[in-house]
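All chains, please: the whole structure from these sequences, using the hints.
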Amino acid sequence: MTATYALIRDTFREAFARKVFWGFFGCCTALLLFFIFLMRVDVVAGATATVSLFGKTSPGQDVTKIVKGTQGFIAAFMYVAGIALAVFASAGLVSAMFEPGRIELLLSKPVSRTHLLLGRFAGNVLVVASNVWYLTIGTWLIFGIKTDVWGTGFLLSSLWTIFMFTVLLTVIVLVGVLFDSGAVAIMVTFAIMIITPILAQKDQIERLLSSEWSRDLLRVMYYVLPKFSDGAKLVHHLIVNEPVTDWMPLWSTAIFGAAMLGLAIWRFERRTF
Amino acid sequence: MTEFAIETEGLTKVFRNRWSGKELRAVDDISIRVRSGMTFGLLGPNGAGKTTFVKMLLSCAHPTAGVAKVFGQDSRIPGARQPIGYLPENHRFPTYLTGWGMLDFYGSLSGMDEATRKRRIPELLELVGLDERAHNLRLGKYSKGMLQRVGLAQALMHSPKLLVLDEPSDGVDPVGRKHIRDVLQNLKETGVTVFLNSHLLQEVELFCHDVAIIQKGRLALAGSVASLTGGSGFRVEAANVPELVEKDLRQRAKTCERTEDLLRLSFNTREEANLAVDLLRAAGSEIESFSRTRSTLEEVFMSTVK
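So the sequences go chain by chain: H and W. So the first sequence is residues 1 to 273, counted in our numbering. So the second sequence is residues 1 to 306, counted in our numbering.
Hints were generated in silico from the structure; no laboratory data involved. There's no promise every hint is true.
[As the list claims (entries may be wrong)] Mimicking DSBU-like on lysine-lysine, the simulated pairs with C-alpha atoms at most 30 Å apart in a straight line are: (1) Lys-188/W - Lys-144/W; (2) Lys-19/H - Lys-144/W; (3) Lys-118/W - Lys-19/H; (4) Lys-141/W - Lys-19/H; (5) Lys-141/W - Lys-178/W; (6) Lys-22/W - Lys-216/W; (7) Lys-161/W - Lys-178/W.
Here's what the structure looks like:
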C-alpha cells in the first residue's frame with residue numbers, strides 16, 4: 001500500500017512539475033469563471049423561477065431543457081477536447097517512467113513490475129479524473145445554484161469521460177512500453193480517436209463496400225476498437241435522463257482496455273532495460 | 001541466512017537483433033560468489049558487460065540463461081531485492097523532487113513506513129554531506145556531485161544489507177570522493193556487503209577485498225586484491241652502490257634500474273635478494289628498502305584485458 005500510494009503521489013508531483021495538472025486546472029477554472037460570468041450567478045438569490053441564460057430570459061418550464069442542453073454541450077466539449085488534452089499530457093508522464101537511469105532504479109526496488117506500471121497508470125488516471133470532477137462538479141453547482149436543476153446525469157457523464165480516457169491511457173501505456181515514445185503514443189491514440197467515429201458509421205459504410213471480406217473487416221474493427229463516438233451518445237442519454245438501451249459500447253470498450261493493459265503488463269514484465 | 005550475498009550461476013545475456021538475427025553475447029556464462037559482508041569490485045573495459053551483469057543482478061535485464069541470486073533468492077522475485085541498495089550510473093533522478101522528496105519516494109518503494117522515513121532522511125542527508133539548504137532544493141538544481149551524494153543516500157535509505165554502486169564517485173570532487181569512501185568504509189565495518197562497479201582502479205584497490213575482471217562478457221580473472229597484486233619476487237633498493245658491485249648485481253637480478261643515486265633491483269627468490277643485500281652491505285652501500293614485489297591493480301587489469 002505504501003508503494004502504491006508513493007507511485008500515485010509521484011505521478012501527481014510529476015504532473016504538477018510538468019505543469020500538466022496546473023494546465024488542466026487552469027483551463028477548468030477559466031471555464032468555470034466563464035460560466036459564472038455568463039450566468040451572472042447570484043448565490044444568495046440562487047434558485048429562481050426564471051433565469052437569464054446567455055442573455056435570454058426563459059420561462060421556468062424551459063429551464064431544465066436549456067440547462068441540460070448546455071450541460072450536454074459542456075460534457076461533449078469535455079469528452080472530446082478534455083480527452084484530447086489529457087492524451088497529450090499523459091503520453092509524457094507514461095514514457096518518462098521508462099527513461100534510462102530512472103527505470104533501473106525503480107526496477108531495483110522490491111516492487112513487482114506490474115505494481116510499478118499499475119501504480120503509474122492509476123496516478124495518471126487520478127490526475128485527469130480530479131480535473132474532470134473539478135470541472136463537472138463546479139459546472140453542476142453553478143448551474144444548480146442558478147437554476148435549481150440538479151440532475152445527476154451530468155455528474156454520471158464524467159464517469160464515462162474518465163472511463164474512455166482510462167481506456168485510451170491503456171493504449172498510451174502499451175505504446176510507451178513497446179517504443180518508449182510519448183510522440184508515437186499520441187499518434188496511435190489520436191488515430192484511434194479519429195478512426196473510431198468513422199467506424200461507428202459502419203451501417204452506412206457497409207452499403208458502400210462491395211466485398212464481403214471488407215465488410216467483415218469493418219465490423220471486426222468496429223467491435224474490437226473502443227467506441228469513442230458511441231460513448232458521446234451514451235453521455236448525451238445520461239444527461240437528458242434518457243434510458244441507455246445498448247451498453248455494448250461500454251463493455252466492448254472495457255474489454256479493449258483490459259486487453260491493452262494486459263498486453264502492456266505482459267510486455268513490461270518481459271522487457272530488458 | 002546464506003553465506004553469499006551475491007551468487008550467479010552461468011549467468012548469460014544474449015542480445016539478438018530482430019532483423020538481422022545477429023547475436024551479441026554481452027554476458028557469457030559468468031559464475032561468481034560474493035560472501036556476505038565482503039567488499040567486491042567488478043572491473044572491465046567499456047563494453048565488457050559489467051552494466052548488463054549488474055542489471056541482471058537487479059532484475060532490470062532478464063538473463064538468457066543462468067540465475068542471479070541475492071542472499072539465496074532469485075533476484076527476479078521482488079522480495080529478494082528488499083536488502084539491495086542501488087546507485088545506478090548515469091542516473092536520472094526525477095528533477096521535480098527535492099532531496100527530501102526523493103529519499104521519501106524511494107524509501108516508500110522499499111516499504112518503509114512514514115515515521116521511519118522522517119527519522120532516516122535527515123540522518124542520511126547529513127551523512128552524505130548535504131546541508132539543510134539542499135534538503136528542500138529541487139534535484140534539477142543540484143550539481144553532479146550533490147546528485148551522487150543524494151543518490152548514495154537513496155541507496156542507503158532502507159539500511160540495505162547489500163549495496164550495489166555503479167561509479168559512486170563519478171563527478172565528485174576529491175574531498176567528496178574521500179567523504180564517500182569514508183561512508184563506505186564505515187558501512188563495510190558494520191557488515192554491509194558492497195558491490196562496486198568502478199573505473200577508478202585505485203579506488204577499487206584501496207577499498208575492495210575481492211575483485212573480478214570481465215572481458216568481452218566473460219569472467220577473465222577473479223580473486224582477492226591481495227592475491228592478484230601480490231608478486232612472488234623480492235625488491236631491493238639501495239643507494240651509494242659502487243659501479244663494480246652494480247655491474248655484478250645487474251647480472252644476478254631479474255631487473256635492475258637506476259634513478260639518480262638509487263639502484264632498484266628485483267629478484268625471483270628470497271635467497272638471491274639476501275645475497276644481493278650482503279654484497280651491498282659489504283660494499284658500504286645503504287639499503288633503502290627490502291620488500292616483496294607487488295603489482296598494482298592497474299597492472300593486473302592491463303595485463304588481463306590486453
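Verification of the supplied hints:
1. Lys-188/W - Lys-144/W: holds, 25 Å
2. Lys-19/H - Lys-144/W: holds, 25 Å
3. Lys-118/W - Lys-19/H: Status holds; Cα separation ~28 Å.
4. Lys-141/W - Lys-19/H: Between Lys-141/W and Lys-19/H the Cα gap is close to 18 Å, so the pair holds against 30 Å.
5. Lys-141/W - Lys-178/W: holds, 23 Å
6. Lys-22/W - Lys-216/W: holds, 16 Å
7. Lys-161/W - Lys-178/W: Given pair Lys-161/W, Lys-178/W holds - Cα atoms ~22 Å apart, limit 30 Å.
Hint compliance for this structure: every hint is met.
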